[in-house]
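Listed here are the chains, written in short residue letters.
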Amino acid sequence: MRKKSWWRYLVSLPILFVYLTPFYILLTVALKHPHDASSRWVMPGYLYLGSFETAINSGRIIQGIQDSFIVTMFTVTLIVIIGAMAAYPLARRISSLNKFVRILIMGVMMIPPLSIIVPLYRTMLFFDAMSTYHGVILLQLTYQLPLAIFIFTSFIRSLTPALDEAAAIDGCGLLRTFFSIIFPQLRPVIVTVVILTGVTAWNDYQFSLYFLQSPQISSVTLAVSRFFAQVNSNIGAAAASAVLGVLPLVVLFLFLQKYFIKGMVDSAVK
Amino acid sequence: MRSRKRINLFYIPVLILFGVFVVYPFIDGIRISFTNWNGFLPTYNYIGLTNYINMVSDQWFHNVFRNTIIYGFGSTIIQQIIGLSMALFLDSKFKARGLVRTISYLPIMIAPLIMGYIIFFIVQFRGGALNDLVGLFGMDRLDWVGVPNRAVTVILLVNSLQYMGVSMVIYLAGLQNIPNMYKEAASVDGIGPWNTFWHITLPLLAPALSASVVINLIGGLKLFDIIRALSPAAPSSGTHSLVTFLTYQYFNIEQAGYSAAIGVVTFAFILIVSIVVIKLLDKMEVVL
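Protein sequence lines correspond, in order, to chains H and F. Once you know that position 133 of the first sequence is 133 in this note's numbering, the rest is easy, because the numbers rise by one and skip nothing. One rule links them: number in this note's numbering = place in the second sequence (from 1) + 1000.
Chain H on its own, in the form it takes in the complex (with noise of 0.2 Å):
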């Protein structure tokens, strides 16, 4: 068996240089001068820290950081809360007005939010949602409660329905004994559905670049975007905007990678 492994290790050190190489160039792009024309794939011989210096100083990649993290916050807790009361009811009763919402629930899954940007603009213009949080969290909360929901459901339907039937007896209000004995039970779900829906939350791309107009608030993904806008002028800031952009979630993922991969597992249920 150990004998036969070598093989491994050398299909390992393709695989390795492929899903690599786009970071070791991020980071030699970044951390060389923009005047040195050399390779990309050659690390600078010198310590070159100003493309970070003016990807910070100009501001825009701390504000998105900030933006992306209040977003992020809500939307997740929002999710997790919202969306465990709602798989419930569909875990626990079925009907055909239950089954009507799995459909819809289902539907909106699939609906890829642009698909209705046109009409969506208008909805946002008309709650005067343009260029708010409350705009971007609740667009997010949307689309992503559907994954959460059939996480949640498909986890309470393998709890016992004895502990919140003897508590019903007991004569526990329904959401007491949803807050004090349901809820309490999700702890390994609520794990996997933050994960999931905190990436797409902090990734998030269109709802930002449409909803959040004014330079007030922002988010990662535009403030990187705006350094990208001016690349000729600047690669490097561009380039370490986009470093200090995803490093969050990259320091996150190393650490805690069990719970992402397991995460990654709990959402292909159907």
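Worth flagging that the hints you see were computed from the coordinates, not collected in a lab. Ideal Cβ placement from N, Cα and C applies to all residues, glycine included. One or more hints might be untrue.
[Stated by the list, open to error] Cβ-to-Cβ under 7 Å is the rule here; a few derived chain H residues that face chain F: (1) 5; (2) 12; (3) 26; (4) 88; (5) 89; (6) 112; (7) 205; (8) 264.
With chain H held as given, fit chain F onto it using these hints.
Same frame as chain H, now just chain F:
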């Protein structure tokens, strides 16, 4: 019993959100698709099916439709082949296994827009890392994203490889659920690894395959960010998918009515494709 029914109140918030941000705009979108609205003026006329008829004769739209199919089905096929191969490769223990899995899953954390920008550093005509390699081998440098068909291929590959880890992880989980005794029984009976794969492993992976195909397909058909990042030249480039094309029609050339009509077609198309594929996969699971 009263309280049993009141439990349905729990999904009222969701229904309100769907009503306001999905169902109402969706119906409004169908209405707008019958108008010549430019997206800004308060006045417009109803022009019947004109927008839909224009789509039939719009060569550009045909190209956009073709691209969307390439992005959707192309990514799905590439991701299944590479994802399954990677899962099989990583299914048995060796020291670098954890490292390979981590690194090939890492790109999923990167915003697809930013991944597109990073790839731009590689495929850029002047100074791009890929052309440096090409030059090293004495071949002619290529403008990787300057020519429409080539750019579509690059975008397809970037999306496929960035999200390959999704299929890989799903297949890995599927493989780990297969009891070892099946494979042992097969090897005792003298069945070669190839036949074991086709007749034992693959049929048992059918549920994983269904899940992975559906996720990849819907993701590929909705592709937006990577296209935006890798089509810097002109919005009129030949890399548009349905969703980038309809936002272009609305925000860049003020054809809100046409854009809404394309939106309706996009939605219908994705819905029909998804339902057909899900049905086909269900049938396949039964047959296997």
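Evaluated hints:
1. 5: It holds, given that the least Cβ distance between residue 5 of chain H and chain F is near 5 Å, below 7 Å.
2. 12: Status holds, d = 5 Å.
3. 26: For residue 26 of chain H, the interface hint holds, since the closest Cβ of chain F sits about 5 Å away, which is under 7 Å.
4. 88: Holds: closest Cβ of chain F sits about 5 Å from residue 88 of chain H, inside 7 Å.
5. 89: holds, 4 Å
6. 112: Given a least distance of 4 Å, the restraint on residue 112 of chain H holds.
7. 205: Nearest chain F Cβ about 4 Å off; hint holds.
8. 264: holds, 5 Å
Of the numbered hints stated above, none is contradicted by the structure.
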